[in-house]
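Once you've looked at the hints, dock chain B against the given chain A.
Below are the chains, spelled out letter by letter.
Protein chains: 2
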Amino acid sequence: MSLLQSDLSKDLERISTNTMADLVEIRLREYLKKKSFLPGDALPKEVELAEALGVSRNIVREALSRLRMLGMIESRKKRGMVLTRPDILGAFERVLDPLIIDKSTLQDIFELRLTLEMGMADILYIRKTAKDIEELEAIAKREVKSSTSFRIENEIEFHGKLYAITGNDTLKRFQIMLLPIFGYVTTLEKEQVKGKITHLDLVDILKHGDKEAFRNGMREHLAPHFDRLEKK
Amino acid sequence: MSLLQSDLSKDLERISTNTMADLVEIRLREYLKKKSFLPGDALPKEVELAEALGVSRNIVREALSRLRMLGMIESRKKRGMVLTRPDILGAFERVLDPLIIDKSTLQDIFELRLTLEMGMADILYIRKTAKDIEELEAIAKREVKSSTSFRIENEIEFHGKLYAITGNDTLKRFQIMLLPIFGYVTTLEKEQVKGKITHLDLVDILKHGDKEAFRNGMREHLAPHFDRLEKK
Numbered sequence: 079m080s081l082l083q084s085d086l087s088k089d090l091e092r093i094s095t096n097t098m099a100d101l102v103e104i105r106l107r108e109y110l111k112k113k114s115f116l117p118g119d120a121l122p123k124e125v126e127l128a129e130a131l132g133v134s135r136n137i138v139r140e141a142l143s144r145l146r147m148l149g150m151i152e153s154r155k156k157r158g159m160v161l162t163r164p165d166i167l168g169a170f171e172r173v174l175d176p177l178i179i180d181k182s183t184l185q186d187i188f189e190l191r192l193t194l195e196m197g198m199a200d201i202l203y204i205r206k207t208a209k210d211i212e213e214l215e216a217i218a219k220r221e222v223k224s225s226t227s228f229r230i231e232n233e234i235e236f237h238g239k240l241y242a243i244t245g246n247d248t249l250k251r252f253q254i255m256l257l258p259i260f261g262y263v264t265t266l267e268k269e270q271v272k273g274k275i276t277h278l279d280l281v282d283i284l285k286h287g288d289k290e291a292f293r294n295g296m297r298e299h300l301a302p303h304f305d306r307l308e309k310k
Numbered sequence: 079m080s081l082l083q084s085d086l087s088k089d090l091e092r093i094s095t096n097t098m099a100d101l102v103e104i105r106l107r108e109y110l111k112k113k114s115f116l117p118g119d120a121l122p123k124e125v126e127l128a129e130a131l132g133v134s135r136n137i138v139r140e141a142l143s144r145l146r147m148l149g150m151i152e153s154r155k156k157r158g159m160v161l162t163r164p165d166i167l168g169a170f171e172r173v174l175d176p177l178i179i180d181k182s183t184l185q186d187i188f189e190l191r192l193t194l195e196m197g198m199a200d201i202l203y204i205r206k207t208a209k210d211i212e213e214l215e216a217i218a219k220r221e222v223k224s225s226t227s228f229r230i231e232n233e234i235e236f237h238g239k240l241y242a243i244t245g246n247d248t249l250k251r252f253q254i255m256l257l258p259i260f261g262y263v264t265t266l267e268k269e270q271v272k273g274k275i276t277h278l279d280l281v282d283i284l285k286h287g288d289k290e291a292f293r294n295g296m297r298e299h300l301a302p303h304f305d306r307l308e309k310k
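Chains as they are written, first to last, in this note's numbering: chain A, 79 to 310; chain B, 79 to 310.
The set of hints was computed from the structure by calculation and includes no laboratory data.
All of these numbers come straight from a predicted model, not from anything done at the bench.
Just to be clear, a hint being listed does not mean it is correct.
Copies of the same chain look alike in the list, so a pair counts if it fits in one copy or across any two.
Below 20 Å or equal to it, Euclidean Cα-Cα: the simulated EDC-like pairs (lysine to aspartate or glutamate) are [as the list claims (entries may be wrong)]:
{"no.": "1", "residue 1": "Lys309", "residue 2": "Asp288"}
{"no.": "2", "residue 1": "Lys285", "residue 2": "Glu308"}
{"no.": "3", "residue 1": "Lys289", "residue 2": "Asp305"}
{"no.": "4", "residue 1": "Lys206", "residue 2": "Asp288"}
{"no.": "5", "residue 1": "Lys250", "residue 2": "Glu233"}
{"no.": "6", "residue 1": "Lys274", "residue 2": "Glu290"}
{"no.": "7", "residue 1": "Lys272", "residue 2": "Glu233"}
{"no.": "8", "residue 1": "Lys156", "residue 2": "Glu124"}
Next up, chain A with everything else stripped away, as it sits in the complex:
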């Protein structure tokens, strides 16, 4: 009997509570969609969900906890769990840690940055205001005076302001989130060569040039990074 049991546990894989939570998570998502839940709507009680699904409350709690972590639902005093406007970048943020991301993904993300900065000219020119350009110029001028040891901080402040000018919150949060990775990739570079076009030059183009000129300026500014890509 005990021999048979040990054979069985070799041959039959245990249905783990994780697998059950996966199933419950999917079932709950389908339910929320089918019933057209809107932000603010209250979910049925944990015990009711457990009964309807025929699983333990622990498993329902586990699945709800995942949806909560993704920002899809939240606890409200007296109302229980309610549907929220999901935070599409919140979950992404939790796994973006340069220490645990492999090299090829880091490289991918760095290229994503280059792509975004080359591509943002059109939206920048639609949204930029005189005040934005003034603030950007102040950042670029401060930087010229500061010592070279603050180079990464300067990069972050200047490019961060560009993302902010697009007025696109998702883009802006995306950039804030990717910053540790940009910093990490930058420290991996042996020689930090600057492009011929400086931050002050870019400000000047934003003031007096058109978006094609800005795109060409940004290409020159990022040239050392593109050169490295071409050598690979």
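Positioned in the frame of chain A, the structure of chain B alone reads:
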């Protein structure tokens, strides 16, 4: 006594298991970093973690379940939970559902698409091969023959191929993930105006033109979308 209890429960907010799972999740992340866990390393057993943290196994299981959902750990037969190469886009994917994303975020994501496609010329020109261009041309030619009802499918196939040519897996997966949203935004547009530059024209530029020409071509191709942004 029962009155006191009811007063207490009004004044003191209950420490929910969700809050506990948040704490345990953070504590586990710190532990994995401090101990420099590498992909493939096995985590301590659930019961050991529960003891060390002084919490119930259910709470540890809930926190582990979240890390598992984010693709940071996975169950391995006989080895228990092990650290994995995290899937940085996996979690993001789970909340990207046009039905539950609010309008302003949908708009942000659509602009993100425009930015990526305007910005990808440099990487496209570094990575493109003759075979890629041949495949892209086949897609554009098929499309000319097909009926207009397949317009969205054609868009997706052609632009998807462009992302694929960048050779950047993160960018490619990102695009696949954002597709439902692009589709959704497109269906919201009342009149679907095409840019003057067609997919076939873009292929022609990739064959005979330089990256500046491609960028200008893409700008023309996406012009109806940028026009809409400018009017807002």
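Check Lys274 against Glu290 for me: Cα-Cα at most 20 Å, and say if that holds within a copy, between copies, both or neither. both (17 Å within a copy, 19 Å between copies)
Which holds for Lys156 with Glu124 at a C-alpha limit of 20 Å: within a copy, between copies, both or neither? Only inside one copy: Lys156 and Glu124 sit 14 Å apart there, 32 Å across copies, limit 20 Å.
Treating 20 Å as the Cα threshold, decide for Lys289 and Asp305: within, between, both or neither. Answer is between: at 15 Å across copies they meet the 20 Å cutoff, but 23 Å inside does not.
Identical-chain pair category, Lys285 with Glu308, by Cα at 20 Å: between (31 Å within a copy, 19 Å between copies)
Treating 20 Å as the Cα threshold, decide for Lys250 and Glu233: within, between, both or neither. Answer is within; shortest intra-copy Cα gap is 15 Å, inter-copy 27 Å.
Is the C-alpha distance from Lys206 to Asp288 at most 20 Å within one copy, between copies, in both cases, or in neither? within (12 Å within a copy, 29 Å between copies)
Copy assignment of Lys309 with Asp288, given that the CA separation must stay at most 20 Å: between (31 Å within a copy, 19 Å between copies)
Give the relationship of Lys272 and Glu233 under a CA distance limit of 20 Å: within one copy only, between copies only, both, or neither. within (11 Å within a copy, 38 Å between copies)
Of the numbered hints listed earlier, not one is contradicted by the structure.
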